[in-house]
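K.L.:
If you want the building blocks of each chain, they are given just below.
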Amino acid sequence: MVKLVAKTPCEGLLPFSYGTVSLSEVTYDSLTSVAPFVGKNKAVADVFKAAGTPMPAVGRATGKDGQRAIWFGRGQILLAGLTEEGLEGLAAVTDQSDAWAVVRLEGENADAILARLVPLDLDKGVFKRGHTARTQVQHMMASITRTGVQTFEIIIMQSMARTLVHEFEIAMKAVAARR
Amino acid sequence: MRVKDKGLINRAVPLRFTFDGRHYEGFQGDTLASALLANDVRLVGRSFKYHRPRGILTAGSEEPNALMTITDRAEPNVRATVQELYQGLSAKSQNNWPSLARDALSVNDLMAPFLSAGFYYKTFMWPRAFWERVYEPLIRRAAGLGALDKTHNPDLYEKAYAFCDVLIIGAGPAGLMAALTAGRAGARVILADEDSLMGGRLNSETYQIGDHTGQDWAAAAVSELTAMDNVRLMPRTTVTGAYDQGTYGALERVAHHIAKPADDLPLECFWRIVAKRAILCAGSLERPIAFPMNDRPGIMTASAVRSYLNRYGVAPGKSIAIYGNNDNAHQTAHDLAAAGVKVAAVIDSRADAQVQGDFPVYTGAEVINTTGRLGLEEILVRHNGENLMVNADCLAMSGGWNPTVHLTCHMNGRPVWRDGILAFVPADDAIPGLSVAGAARGIFSTRGCLQDGAKTAVQVLDDLGVKAQADVPEAEETPYQISPLWAVPGKGRAWLDFQNDVTVKDVKQAAAENFRSVEHMKRYTTQGMATDQGKNSNVGALAVLADVTGRAIPETGTTTFRPPFSPVSIAAMGAGGQGKGFAPERFTTSHLPSIQRAAPMIEAGLWYRPSYFPMPGEQTWRESCDREVNMVRTKVGICDVSTLGKIDIQGPDAAEFLDFVYTNTFSTLKVGRVRYGLMLREDGYVMDDGTTARLGDHHYVMTTTTAAAGQVMRHLEFVHQCLKPKLNVRFISVTEQWAQFAVAGPRARDVLNALLDDPIDNDSFPFMACGQVKVAGTPGRLFRISFSGEHAYEVAVPARYGESLFRLLCAQAEAMGGGPYGMEALNVLRIEKGFVTHSEIHGRTTAFDIGAERMVSAKKDCIGKTMAARPGLIDDDREQLVGLKPAGAVKQLIAGGHLFAPGAEAVRVNSQGYVTSVGYSPTLDCYLGLGFLKNGRARHGERVKMVDHLKGVETLCEVCDPVFFDPEGGRLRG
Chain A
1 MVKLVAKTPC
11 EGLLPFSYGT
21 VSLSEVTYDS
31 LTSVAPFVGK
41 NKAVADVFKA
51 AGTPMPAVGR
61 ATGKDGQRAI
71 WFGRGQILLA
81 GLTEEGLEGL
91 AAVTDQSDAW
101 AVVRLEGENA
111 DAILARLVPL
121 DLDKGVFKRG
131 HTARTQVQHM
141 MASITRTGVQ
151 TFEIIIMQSM
161 ARTLVHEFEI
171 AMKAVAARR
Chain B
1 MRVKDKGLIN
11 RAVPLRFTFD
21 GRHYEGFQGD
31 TLASALLAND
41 VRLVGRSFKY
51 HRPRGILTAG
61 SEEPNALMTI
71 TDRAEPNVRA
81 TVQELYQGLS
91 AKSQNNWPSL
101 ARDALSVNDL
111 MAPFLSAGFY
121 YKTFMWPRAF
131 WERVYEPLIR
141 RAAGLGALDK
151 THNPDLYEKA
161 YAFCDVLIIG
171 AGPAGLMAAL
181 TAGRAGARVI
191 LADEDSLMGG
201 RLNSETYQIG
211 DHTGQDWAAA
221 AVSELTAMDN
231 VRLMPRTTVT
241 GAYDQGTYGA
251 LERVAHHIAK
261 PADDLPLECF
271 WRIVAKRAIL
281 CAGSLERPIA
291 FPMNDRPGIM
301 TASAVRSYLN
311 RYGVAPGKSI
321 AIYGNNDNAH
331 QTAHDLAAAG
341 VKVAAVIDSR
351 ADAQVQGDFP
361 VYTGAEVINT
371 TGRLGLEEIL
381 VRHNGENLMV
391 NADCLAMSGG
401 WNPTVHLTCH
411 MNGRPVWRDG
421 ILAFVPADDA
431 IPGLSVAGAA
441 RGIFSTRGCL
451 QDGAKTAVQV
461 LDDLGVKAQA
471 DVPEAEETPY
481 QISPLWAVPG
491 KGRAWLDFQN
501 DVTVKDVKQA
511 AAENFRSVEH
521 MKRYTTQGMA
531 TDQGKNSNVG
541 ALAVLADVTG
551 RAIPETGTTT
561 FRPPFSPVSI
571 AAMGAGGQGK
581 GFAPERFTTS
591 HLPSIQRAAP
601 MIEAGLWYRP
611 SYFPMPGEQT
621 WRESCDREVN
631 MVRTKVGICD
641 VSTLGKIDIQ
651 GPDAAEFLDF
661 VYTNTFSTLK
671 VGRVRYGLML
681 REDGYVMDDG
691 TTARLGDHHY
701 VMTTTTAAAG
711 QVMRHLEFVH
721 QCLKPKLNVR
731 FISVTEQWAQ
741 FAVAGPRARD
751 VLNALLDDPI
761 DNDSFPFMAC
771 GQVKVAGTPG
781 RLFRISFSGE
791 HAYEVAVPAR
801 YGESLFRLLC
811 AQAEAMGGGP
821 YGMEALNVLR
831 IEKGFVTHSE
841 IHGRTTAFDI
851 GAERMVSAKK
861 DCIGKTMAAR
871 PGLIDDDREQ
881 LVGLKPAGAV
891 KQLIAGGHLF
901 APGAEAVRVN
911 SQGYVTSVGY
921 SPTLDCYLGL
931 GFLKNGRARH
941 GERVKMVDHL
951 KGVETLCEVC
961 DPVFFDPEGG
971 RLRG
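Chain order of the listed sequences is A and B.
Quick note on my numbering: the first sequence kicks off at 1 and runs consecutively.
Quick note on my numbering: the second sequence kicks off at 1 and runs consecutively.
In short, the hints are calculated from the structure, not lab data.
Careful, some of the hints might be misleading.
As a list, the in silico DSSO-like pairs of lysine-lysine whose alpha-carbon atoms are at most 30 angstroms apart [said to hold, decoys possible]:
no.	chain 1	residue 1	chain 2	residue 2
1	A	K49	A	K124
2	A	K173	B	K150
3	B	K467	A	K128
4	B	K508	B	K491
5	A	K40	B	K670
6	B	K726	A	K49
7	B	K670	B	K726
8	B	K150	B	K260
9	B	K724	A	K40
10	B	K467	A	K124
11	A	K128	A	K49
12	B	K865	B	K726
13	A	K173	B	K260
14	B	K724	A	K42
15	B	K580	A	K7
16	A	K7	B	K774
17	B	K467	B	K670
18	A	K124	B	K276
19	B	K726	A	K42
20	B	K580	A	K173
21	A	K3	B	K774
22	B	K860	B	K726
23	A	K124	A	K64
24	B	K726	A	K40
25	B	K467	B	K276
26	B	K276	A	K128
27	A	K42	A	K64
Here are a few chain B residues that sit away from chain A, every Cβ distance over 12 angstroms (derived from the structure) [what the hints assert, rightly or not]:
no.	residue
28	T213
29	D327
30	R447
31	H838
32	D966
A virtual CB, placed ideally from N, CA and C, is assigned to each residue, including glycine.
Just chain A, same shape as in the assembly (with noise of 0.2 angstroms):
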């Protein structure tokens, strides 16, 4: 019996570091769009709440690592790891487990790559630590959320995870030359 071989977005194109920063993949077990159905924010808070990880206001994701609720847009959430178990009815669920490349943007100086990319302002003061956005890394739409100090999560369409990765790198080593 035949069996189909996984292969994640970013395979054989990360991890690297530059200077200070690295550039990871995240896997997550899997990814999930949430959008609850008119009427049903309130029933869809109370499953979340219910499962220890708050439903995330615009702008903002709950959770921990491997397991986070992120605003993804008008109406829209993406569970990453997290089970969507109880939504049936509340919400329209659709698995987005293979749709985005995630990747880990981490180390001190994270904010100046990003400041090469993103038109945001990603300050530590502004943005802060749970912050998310919906946004463009150079010409791609993404997703980016500060997990850490000095850490972001940057959520891409797999498609499109070698120019990801390429645009990361000559900013990281823009940026790592300049030291």
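Chain A is already provided as a structure; the job is to place chain B on it using the hints.
P.N.:
Same frame as chain A, but now just chain B:
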């Protein structure tokens, strides 16, 4: 020459460099300009038009003359006054041949009487055709600055974003004081200065601040600011433009000053800075005086002379004269005398000027001529009605100071004339959120600048709700006294705009020829249109214009300063867009195996898709394509169709929503079935087509074409948010989630059944069925749909398994005589079946045009239905989709060719339609085409003539049904 014990240069670090091939030595901290002057090099360039010998005029970014090519990286038009010296720097002068000192085109200078303003417009009118072929190339070769290197630019450029509470532009006394005030109050501050060393004029003057020299105070301020976490210092960064919403463009010179930059270090970085507030502390620029023959090398602004002396420890001459109309100029004489440099004379145009010093002083005097072919030798002074010669190899001139108002004009603000200082100052609130402090608004004393910087910072911070305190040290407060002195009459040309060779005479001539508006004068003479944007000449030129037109200066007005403040390389503005940075690349999961099969890739939107899969022995793409078409028609083919848009649609109102966006009905579609759908724009034209599958009562998956995936998603959002907000439906793209492959051909089911956990047959999976399956143990989806006309399926698995499944499908297909096929074969297969793509639904065709008007349901409303029913959109006379087959000796069809009646002349008015898609059909052994023809559906069997005017091809065609192959569709259902 160097002056002992002066300057902020590091004499412990000598740096060797070359200029026009000759070797020189300078020191760390020098600019190229200061190092050249230290080596007594005065002639540094040739002027734009007359090829006049020119020297260094200024010590800043406003420099019009000392433009050079840095040959290390073939970069032209670098201002020597901005270029920092580094070990091994190699510079070359521009606009001369064969050499700087013996420039052949300096003959232009002799022709000057004939080359004045308006010369080209009057002279090169005839014969008309000569302009483009003769005159313009000649003029362009004679005039000009540096030459572009036409090879690929290997340098890296970067762009970056920055944000702050307060952006302070300029780090002179006002800027440093503002930054200290804001920084100490805890605000997020960016302090940007175009110089490598912050301090502005403080580094060039001998002022005291408190108990320190101005230079020491500036250094202490910079080190205090450096230690603050909330302050970012950006030296070598020119704020080049002010834009909406507190956004500023800024160019950082990152590696221009480094001898051997690291491989990955960008040359420049273009910053987009967003600031809640900004304070412009850009200082002011000294203006030259337009006296006769004022352009000889050795004549420079007085402030530049002080900069070279005090900052770089360089005396720009052995015998230096000073000429001015204001007290500030006198400081030059005092500084030079104190440093032991000979002061040849102080010439002040004001009869009542007070000057004390051990040097000749002429008050109420004028410089009326100069001599020296390649550098100043003597100046002729008129004093008390007598002419006297002064020996000087350098003349420091000061016509007063112009506040650097440029950024305040970037949003159309007009500066305001102030009589007391004879200069324009920024209008209030010219840029929302931008305040101006210090010399940039006409405050010319050090004390005044420090106080104004602090005061402005306190006000700005108060706006932002931050409490701040001003703590300002003591400093000089010499009153600034000035009398008008714009142009000195006399024999010889008096230059206003050194960079574009515009003289007082040119401006007068413009006025005489009725170009009296300042904007007209500017364009007629080209004054202010060079790369310095008239920084040195603007006010002088309009003062002359005001004089000859009998108006006051404020009445005459100014021209507009636009971004950028100083030149910005296009490469810096386009940073990030080089090479692969131009656009993201989207790769399918089967990309690697396709490349391994040597498939050439074709771009479809951002996607890369295989054109064809060449086999050994195949010489042309057509051979491969024909083989792949035959393979699908007779055996089985595999094609990655993951790039098609896939939208997951859920909710109790999902069916109603789909009925509204599609022309046909989806609420009646059974669960487990797929239907082809057509979508119109609001104006009634076709937007997109595709299949939609019903996975559950409240769950559909829509597919779109590859190219229109984004457009359709946007359209659905629009419809939901704006037209049907009450519908309880949610949708999200799942294009990226699924790797989807077409398996097409008579053996398609055999291939699938080799991989499916539970085999299918025609009863369990008939045409247009869909459902969940397990593919080699992995949950997936199967759709029985066909874009080839064959018995075909599309099988989808989560993207991580895409590559693996593609390899398996190909292996299975190959075992049955099949294999992968690419876009070329896919295109031929669909043309044979008459299926449309965006070649046909190109935005100008209706459902009626493509023969699908019956798909617009009469039983319900849908987007575009009403508009599509407009009389003009359903006329028989419209161009309708037809098939085309060659019917004469010529067998070729070309997409884009136009259709004419066989006997008609092939001209525009006779065009009856056009060809949209063509392909050679190995199945039918001829070219097939799809196209649009007037009243085409009623004309099957007729002959038309296809003409491609570009390629010169004319083919007689038979008009036929667009479905060429298996019109009954028996193969689909088999």
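K.L.:
Each hint should be assessed against the structure and marked as holding or not.
P.N.:
Structure-based check of all given hints:
no.: 1; hint: A:K49 to A:K124; verdict: 27 angstroms, holds
no.: 2; hint: A:K173 to B:K150; verdict: 27 angstroms, holds
no.: 3; hint: B:K467 to A:K128; verdict: 24 angstroms, holds
no.: 4; hint: B:K508 to B:K491; verdict: 15 angstroms, holds
no.: 5; hint: A:K40 to B:K670; verdict: 27 angstroms, holds
no.: 6; hint: B:K726 to A:K49; verdict: 27 angstroms, holds
no.: 7; hint: B:K670 to B:K726; verdict: 25 angstroms, holds
no.: 8; hint: B:K150 to B:K260; verdict: 23 angstroms, holds
no.: 9; hint: B:K724 to A:K40; verdict: 18 angstroms, holds
no.: 10; hint: B:K467 to A:K124; verdict: 22 angstroms, holds
no.: 11; hint: A:K128 to A:K49; verdict: 22 angstroms, holds
no.: 12; hint: B:K865 to B:K726; verdict: 21 angstroms, holds
no.: 13; hint: A:K173 to B:K260; verdict: 16 angstroms, holds
no.: 14; hint: B:K724 to A:K42; verdict: 23 angstroms, holds
no.: 15; hint: B:K580 to A:K7; verdict: 24 angstroms, holds
no.: 16; hint: A:K7 to B:K774; verdict: 18 angstroms, holds
no.: 17; hint: B:K467 to B:K670; verdict: 69 angstroms, violated
no.: 18; hint: A:K124 to B:K276; verdict: 17 angstroms, holds
no.: 19; hint: B:K726 to A:K42; verdict: 18 angstroms, holds
no.: 20; hint: B:K580 to A:K173; verdict: 16 angstroms, holds
no.: 21; hint: A:K3 to B:K774; verdict: 11 angstroms, holds
no.: 22; hint: B:K860 to B:K726; verdict: 18 angstroms, holds
no.: 23; hint: A:K124 to A:K64; verdict: 18 angstroms, holds
no.: 24; hint: B:K726 to A:K40; verdict: 14 angstroms, holds
no.: 25; hint: B:K467 to B:K276; verdict: 16 angstroms, holds
no.: 26; hint: B:K276 to A:K128; verdict: 19 angstroms, holds
no.: 27; hint: A:K42 to A:K64; verdict: 22 angstroms, holds
no.: 28; hint: T213; verdict: 31 angstroms, holds
no.: 29; hint: D327; verdict: 44 angstroms, holds
no.: 30; hint: R447; verdict: 35 angstroms, holds
no.: 31; hint: H838; verdict: 20 angstroms, holds
no.: 32; hint: D966; verdict: 33 angstroms, holds
The structure does not agree with numbered hint 17 stated previously, though it agrees with all others.
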